[in-house]
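Starting from the known structure of chain W, arrange chain E on it as the hints suggest.
Going down the list, the protein sequences come from chains W and E.
For the first sequence, my numbering gives the first residue as 6, with consecutive numbering after it.
For the second sequence, my numbering gives the first residue as 6, with consecutive numbering after it.
There could be a bad hint or two in this list.
A pair counts as met if it fits within one copy or between any two copies, since identical chains are not told apart.
Derived DMTMM-like pairs (lysine to aspartate or glutamate); straight-line CA-CA distance at most 20 Å [stated by the list, open to error]:
1) Lys273 to Glu47
2) Lys10 to Glu47
3) Lys95 to Asp157
4) Lys273 to Asp43
Keep in mind that the hints were calculated from the coordinates and are not lab data.
Number of protein chains: 2
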Amino acid sequence: MTAYKDLMAFQRETEALSGVAGMLGWDQETMMPDGAADQRAEEHGAMANMLHARRIDPRIGDWLATADAPDDVAAANLRQIKRSYERTMKVPATLATELAKTTSLAHRTWAKSRAEEDVASFLPILQKVVDLRREEAAAVAGDTDPYDALLDDYEPGATGAELGAMFDALRPRLVSLRAAILDQPAPVVLTGTFDEAGQLALSEKLAAAFGYDLTHGRIDKALHPFSSGSGLDVRITTRTEERDPFNCFYSTIHEVGHACYEQGIDRKHLLTPLGAGVSMGVHESQSRIYENQLGRSEAFTSWLYGQMRDVFSDFGVADERAFYGCVNHVSDGFIRTEADEVQYNLHVLLRFDLERALIAGDLAVGDLEAAWNDRFLADFGYAVDKPSNGVLQDVHWSEGLFGYFPTYTLGNVYAGCLNAAMRKAVPTVDADLAQGDTSAATAWLRENVQQFGGLYQPTDLITRATGAAPTEAPLLDYLEEKFRGIYNL
Amino acid sequence: MTAYKDLMAFQRETEALSGVAGMLGWDQETMMPDGAADQRAEEHGAMANMLHARRIDPRIGDWLATADAPDDVAAANLRQIKRSYERTMKVPATLATELAKTTSLAHRTWAKSRAEEDVASFLPILQKVVDLRREEAAAVAGDTDPYDALLDDYEPGATGAELGAMFDALRPRLVSLRAAILDQPAPVVLTGTFDEAGQLALSEKLAAAFGYDLTHGRIDKALHPFSSGSGLDVRITTRTEERDPFNCFYSTIHEVGHACYEQGIDRKHLLTPLGAGVSMGVHESQSRIYENQLGRSEAFTSWLYGQMRDVFSDFGVADERAFYGCVNHVSDGFIRTEADEVQYNLHVLLRFDLERALIAGDLAVGDLEAAWNDRFLADFGYAVDKPSNGVLQDVHWSEGLFGYFPTYTLGNVYAGCLNAAMRKAVPTVDADLAQGDTSAATAWLRENVQQFGGLYQPTDLITRATGAAPTEAPLLDYLEEKFRGIYNL
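Here chain W stands alone, though its shape is the one from the complex (with noise of 0.2 Å):
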């Protein structure tokens, strides 16, 4: 047992280094005066180091050799930690190092290519970035694909080949109800402007409402909404448009999402490998089921629209089937995250085809503008007008981030098959999301998938929690179902 003690100790206090890392990104987006930004790089960069040379430690590798696992907790904590050091031992240090600085410097080109609709300058770099991945892509994972070498840093488990399947089957179905919603007359929109204060003390009801835990978290404003931390410091941004309350007030339930995920994992695996959320995948099946199945159901945008009324007065939305309608707009656009719950995994599919044929060598960069715009305009029926708009728009790939964008997609994949069991066991549900009541179906999130933080691997997560190995057809089912309701179909 020493050997799993001393292991779980050391691997305890780079959890805790690595916890302080995260608090220095939050506090760089919500708090930081901007003249520190040199500084604040510093620091990142010690902290990056220390804590790579901590997981690169020989004695970890030691300590694995003879640990034994006494239980499945145990077992799972050996899993996270042997798979961990393994990855990190196979990239050599001159590369991770080149990789580290070529990104860099790829995301600052990426902004100003972007800022200058000028795709030809961000090209050289992004070639670079691709053959860099590609380079660790092998030295991970030898001889097999190296796409899902890469995918498996964010999606442990998970196959190119796989989700390819899975995308391929979403992808029809979801380019015929998007088209024929769009034939279809378009349902009210919001007009008039709603104030800051009004918006923000909505907000905080409505992360109230959906279990958030202030006295583990708090809520701030930030250009970008996102939640960081876990265990109990989980905390969350928001942002306010004066036009378009639903950002903040969708964006806030997203991250109530992903917030209550780390904060509803069993304590008793705090600050060890299994105490954060499992996968990218898991943690954005519970901001979406969060934001999309349950925040903008019928049944709550019936309660919000009260809300809504409370605080702005008459907003110009007649009644509450208005207001679903409202809420679950749906209309042209370039942008990913602008989209609506059915034209977003058309965006993130066309990015998964695209970086799989990347790194595959099937296409090459200097035809990905090309292969995007194509896609764009077969997928949505008009043409991008603007880099911008299109093969620019994100920053993932300048960052490396090659097999990101699936976990998106499989994130809604796992809403729709967790959403589908949960109606099932709580029937209750829509009567008490009228009321504005989440919790009978919080709680059998909880109960079901958060509690367990990275004890299950994804797919034998979402098995456990729903009977069945995941597949694309609950969310198709969900989608179709809600838009032809909303649209007369």
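Only chain E this time, still in chain W's reference frame:
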């Protein structure tokens, strides 16, 4: 040059990591949700362990052995690193761990004993803290005065004997000035209430008036005002009391003094051992000269009077002269942190003499309360009524901070020297202050003190700035002249 470069690169990362640990402390006092305390304690512990491991890294010794100093900046960097390394290496790891554990327990015990007015329950753990600090002093300094070894950690180069002589010269004149003042009729005191928003708005205006740079800092509320950080990110906190806006204003100006010292250091010292204030005493000299010699001057308070009337309308003080008396009101009180300029140092001198005797072994821990009460009665003329107003009022000893108290009065002594020199060099100071303009005074301080960071040792720094070795005389002259004027003595 390789050894020096390698050492400085290593040190730079240590400075950055140390800054992160400081940020964590700032967050804890300002932003952290209450429920995160246990997790934060582990994060602090992990950062402290990691920083300690860096500070005893044997490579530092190797680098120091061969590093050359091509200029005075490099020489000063090496001196600071050597000093810190040698001191850290002399303290056995077991003793360091025992000290950390014991002071943590002593701090909790002190809080409970103070709340229960029960000195006896605090004495056993205080005895252990004293013993461990004596053991540390012996490890660090061998046969020299153990108090000097502790003092040197806060005020490099200072000795108990020298400070004792200086403080013995201060005491009788302060006791007699205090007695003379309290024989006179009291000036008007502030009555009524002052809303928090108004206090915070004026507090921010005061911070700006004293040159605090908000692009490299921020102001938040906290239970106790403090300043933290250095270089490009120096933050302060303040607090408000409805009936006492001076608490907010002068806390802010005090912390701005600390913060401007850090902000004023030459950028070339950023993230080096010279990139922070050189000692506690010099730090306190800046906070006190901002707060008192500038902020509580007749000229500045005449401007502040107008500002307060703008914000709070007529608040019951008839004119600038009455307001000046009101700001500088001297009255009886037991608590050091609430004391005015005249009495503050008497509180410090009491602690200095007692802690020096404790560490020398001339005073038993069991006799501490009686010694405190006797001395208080002698200097202040009335008896301590309960331990929380006496020996249990300060947190310092529970945390093992022996040698820290005298730096408060040393800071006032330095402030007295600097004030006299600055007023000679900048004859327009009072005319400027009467307009709320501190720029000439603070520019002189930046030029002559702040910019150098850790480049010169404390007494050298003050001597260079003022043209003479520091003595208590200018402080005494200043206090006697000022308060004779206010109280018509």
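Against the structure, the hints come out as follows:
1. Lys273 to Glu47: between (34 Å within a copy, 15 Å between copies)
2. Lys10 to Glu47: Between copies only: 17 Å across, 33 Å inside.
3. Lys95 to Asp157: For Lys95 and Asp157, only the intra-copy Cα distance (14 Å) is at most 20 Å; the inter-copy one is 48 Å.
4. Lys273 to Asp43: Cα proximity of Lys273 and Asp43: across copies only (13 Å, versus 38 Å in one copy).
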